[in-house]
Amino acid sequence: MNMVLRWHGHSCFSLESDEKTLLIDPFDEGVGYDMPPVRPDIILESHQHHDHNAHDRFEQGFVLIKETVNKTVQGFKIEGHSVFHDDVQGSKRGKNIIFEVTTPDGFRVVHCGDLGHKIDSELLDLLRSPDVLLVPVGGFYTIDAKQARELTRDLAPSYVVPMHFKTEALAFELGGVEDFLSGDPFEKLDELKLEEKANVGTRIVVLNYR
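Here the sequence shown is numbered in the working numbering, starting from 545 and rising by one per residue.
Derived by calculation from the structure, the hints in this document are not laboratory data. These figures come from a predicted structure and were not determined experimentally. For glycine and all other residues, C-beta sits at the position ideal for the given N, C-alpha and C. It is possible that part of the hints are untrue.
[Claimed, not checked] Lysine-lysine pairs mimicking BS3-like chemistry, simulated, CA-CA at most 27 angstroms apart:
(1) K690 - K710
(2) K710 - K615
(3) K610 - K636
(4) K564 - K621
[Claimed, not checked] Beta-carbon label-pair distances, calculated as ranges:
(5) E666 - A715: 35 to 43 angstroms
(6) K615 - D723: 22 to 30 angstroms
(7) T616 - L667: 20 to 28 angstroms
(8) E735 - E603: 19 to 27 angstroms
(9) L670 - D600: 25 to 33 angstroms
(10) E573 - E717: 33 to 41 angstroms
Kindly generate the complete structure, drawing on both the sequences and the hints.
Dropping the structure here:
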């Protein structure tokens, strides 16, 4: 078992497992981060805003998924759950997809996209206890740090990785990651590599964008 998770900035991550690469929420040039030379086999897009749907930046040959699905693609089991980009049933910013991905090596990763509200108990039960939770923490367009901490507590992941927050590279304003960390211990890593299941509470990992 071996999965490598890398953060490319904003809400964009790549998962590498079984010699395949799955990319989530690629951003366009206006976001501020540099996109590394990733060659994805699969691209997931949580919603169709420019900072999450820039699949045109990559060479053709990948499978693109931008809707709620429940299927296995190249060994990745992918399930999409429909939620909203705001707290008023999507009337401000539309719908969003929470992607639940189980890698070929059996690790379960939940990517919240631009989740904008508290999710209901039924969906909480479906998503509970992932190996990795990728959660927005910067507010403004998504849940804020406090709501992200509550969601982390409710889902009880082995690892939680914050995303969608202000950095020096980001070209627009969001809240920083500090309120989410709130003085709790965390690890700062270039990548998160999982080789076996963890079973000791929730560990916070802040990834360097690369």
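Each hint tested on the structure:
no. : hint                            : result
1   : K690 - K710                     : holds (16 angstroms)
2   : K710 - K615                     : violated (34 angstroms)
3   : K610 - K636                     : holds (20 angstroms)
4   : K564 - K621                     : holds (13 angstroms)
5   : E666 - A715: 35 to 43 angstroms : holds (37 angstroms)
6   : K615 - D723: 22 to 30 angstroms : violated (37 angstroms)
7   : T616 - L667: 20 to 28 angstroms : holds (21 angstroms)
8   : E735 - E603: 19 to 27 angstroms : holds (23 angstroms)
9   : L670 - D600: 25 to 33 angstroms : holds (32 angstroms)
10  : E573 - E717: 33 to 41 angstroms : violated (18 angstroms)
In terms of the numbered hints stated before, the structure departs from hints 2, 6 and 10, listed from lowest to highest.
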